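First to last, the sequence lines map onto chains A and B.
Mapping the first sequence onto my numbering, position 197 (from 1) lands on 197, and the numbers just tick up by one.
Mapping the second sequence onto my numbering, position 36 (from 1) lands on 36, and the numbers just tick up by one.
Hints are not guaranteed to be accurate.
Claimed, not checked - Partial list, derived from the structure: chain A residues whose beta carbon lies under 8 Å from chain B:
| hint | residue |
| --- | --- |
| 1 | 52 |
| 2 | 60 |
| 3 | 74 |
| 4 | 88 |
| 5 | 103 |
| 6 | 104 |
| 7 | 107 |
| 8 | 270 |
| 9 | 271 |
| 10 | 275 |
Hint data in this document are derived by calculation from the structure and do not stem from the laboratory.
Bear in mind the structure is a predicted one, so any value in this text is a computation, not a measurement.
Just so it is clear, CB atoms sit at the ideal spot from N, CA and C, and this is done for glycine as well.
Spelled out, the chains give:
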Amino acid sequence: MNADDGATPVPTPAPAPTPDPGSGPARRRDESMALLTGVMEHPLDLGYAAAAERRRAGGEPPTSAGRSIAALLVLVLVGLLLATAGLQARGQTTSRVTERDLLVAEIGRQDGVASRLQQANVALANQLETERTRQLQQQAQGDLADQVSRLGLVTGALSVAGPGITVTVDDAAAVAEAPGGDARATTTADDGRVLDQDLQKVVNGLWEAGAEAVSVNGQRLTALSAIRSAGQAILVDYRPLSPPYRVLAIGDPDTLPARFADGAGGRDLMYLSDNFGVRYDVTPAPRLVLPASAGLDVRRAQPVTGATTAQTGPSAGSTSTATTGPATPKERP
Amino acid sequence: MIPALGLVAGIVLGLLLQPAVPVWAQPYLPIAVVAALDAVFGAVRALLDGIFDDKVFVVSFLSNVFVAAFIVYLGDQLGVGSQLSTGVVVVLGIRIFSNAAAIRRHLFRA
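Pulled out of the complex, with its shape left as it was, chain B reads as follows (with noise of 0.2 Å):
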């Protein structure tokens, strides 16, 4: 309940502060947020399956951001960002589908 009040506060502060977002780092973004969708599904889907780690939630978190707005840079470095970003996308894409269907079994037993 506690997690769930903390994901709801973020998204009101986020949208009462409407932080600007430099300029720079706009292309990262959606990349950010797919993986930190990807940190989340897969946190629930460890909660439900009674592995959940606080320790392993939050460093998987960082990483996938990390990992993901590396992988975008290094591809506007070399000129392929989109297609990098694309490559990012269908993997943590393939991953969050997953991970829901694993929780949509638990919850619904279907």
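Chain A on its own, in the form it takes in the complex (with noise of 0.2 Å):
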């Protein structure tokens, strides 16, 4: 260690005869700093000294080979490191991808966890209704049952099926290539987006056609129902959509297309279509099955007193076919 008088940058005056600093005969001046000093003064590893003391005692050179297996895999391992440190450090390894990619997966694990919930939810709400029909058919209250299957088609608390159009609705192609943020910047591209206000006008539209039950990507509305917008997503119901956006409507289905077209909706998609690029399809459907609205709650109930039905809102359940007049209910901007 001292055979090389440049080895220490601090040349220390203490004649401590080991090399461990502070533990000599006379304090040293600076004992109280001795981690720094024995950091500067010994930045060598003292093994190396011991080792070649051990050495020089049993007769051997002081230095091994240098030629072991173990030093050498170390050193590959070091290579390994440098590299592996360096390209994470560019950014260029899969590390940051790979955070991302652990977010996606969480993120669809959650909404795979949610979707499931949600069936589960609708099946037991289909079995209690079930239950219910059954119920009141055993207590000879037929009545009361078809009172609760015609409000539940009508205010979208049962799931439905029949014939009906399929209207898409999808931001015009320029939106629709250009990547998330970049629409944003032209101004052209962001006109042929499709707005929650357009949305609404094709449900209202659709409604004023003659519409007996309408679902938006899946979301059956009702007369609670939002469309919304938050950023650049559309919310139905605080759901947040992707396009395209698929409107069922169920209704005659002679008359809803026709009367759909000439309409204040339809009017309005073509306006959109030709002058923004907005693209739309109305096509009718034999049979489109529309989901039980999953948000609609027990607002208001009283007390059944003789024949006199109790007034819940939800009694989500059997598909049926709507059979009932139009409903009007009122879409809240």
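The two chains are supplied separately, each in an independent frame; assemble them into the complex guided by the hints.
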């Protein structure tokens, strides 16, 4: 260790015979900084000196050949470490992508959990509805059962199946092609985006044209549904949707398409298509199945007195064909 | 010569394989690099001093990396991870500089 006079950057006047600082017989003036001086004066691992001393004592040369496999492996490991750290620092490695993938996977997983729960909820609600209908019919209150299911269809508490039309609305091609935030840069591209107002007009046009039940991307609309926007996403009942927007409407297959096309909703769509390139498509469908609304809740209830019925909110359940007259729910913008 | 080839082989291997660092290990990577560099510079200096020893090198490398990572881990658990990382980097940095200076004196006599 002391064979090389240049080895220690700070020459020490200490007469300590051992390399351990501060353990000499005389108290060093910088003893309180033993840690720092130790780091400064003995940067080399003391083990090297000790090993060399042992070798000398054993009559061997003070240095080993430096060819052992272990040392080589460690050096390979060091190189690996350096390369990995370098890649990591330059962001070339997939770590950031990995992190993002983890988040994406987590979101997907939780989405799956949520939709499973939702399905379970719908199934349970269906079961509840079946039971209720059975109970009412057993109690010879068939009128009541009919009333419940009729109201359920109108309010959106029951899933509905029947003929109708599918209105597909999508952003203009320019918007769809532009990736995410870049579309905001050009106003022309942004003009082609379907807004919540447009969707509101379409839905209101469908109600006006005689639709009996309407859903947007699988979200059944009720009298309390809201179509609004948050940022660039359109929310229906606080659930974000992504284009294309598929609006399903159940109604008279003979009159609904024509009345919709002639009404305000159809005119509005045509205007959007002509001026902003918004793409839309109206196709009649022989059978559509609309789910029950998941957002309905009991808001008001009153006790049953005699034949008077309780006015309760939810009664989701069995799929049946809508036979009721046109509903007139109000849309909250 | 052969040890240098080992180092180069490791670097090439890393560049080719591009091993994905697991997320939990990422905070320890920079510290591990500094600790490894310290071990390597110490080894080079020992070699030039004529007192190099394989076993000491391997053990010092492993213990350096382990202790450095452990300190950072401990700091993370205690909420002072960045401070302890700084401490490790300062101490090892001083050692690296001192050893590098000794190596420089050996090689260039200056």
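Quick check on the hint: residue 275(A) CB to chain B CB, less than 8 Å? violated, 49 Å
Hint status (Cβ of residue 107(A) to nearest Cβ of chain B, threshold 8 Å): Given a least distance of 16 Å, the restraint on residue 107(A) is violated.
Can you verify the interface hint for residue 88(A): is its Cβ closer than 8 Å to any Cβ in chain B? holds, 6 Å
Q: Please verify that hint: residue 60(A), Cβ, nearest Cβ of chain B, below 8 Å or not.
A: violated, 11 Å
Holds or violated: is there a CB of chain B closer than 8 Å to the CB of residue 103(A)?
Hint on residue 103(A): violated, closest Cβ of chain B at ~11 Å, above 8 Å.
Proposed interface contact between residue 270(A) and chain B, which counts if any beta carbon pair is under 8 Å: Hint on residue 270(A): violated, closest Cβ of chain B at ~52 Å, above 8 Å.
Status of the residue 271(A) interface restraint (C-beta, 8 Å, chain B): Residue 271(A) check fails; min Cβ-Cβ to chain B is 51 Å, beyond 8 Å.
- Does the CB of residue 52(A) sit less than 8 Å away from some CB of chain B? Nearest chain B Cβ about 4 Å off; hint holds.
Residue 104(A) as chain B interface residue, shortest Cβ-Cβ below 8 Å: This hint is violated: residue 104(A) lies away from chain B, its Cβ roughly 14 Å from the closest one there, beyond 8 Å.
| said: Min Cβ distance, residue 74(A) to chain B: is it shorter than 8 Å? | reply: holds, 5 Å
In this structure, the hints that do not hold are numbers 2, 5, 6, 7, 8, 9 and 10, in rising order.
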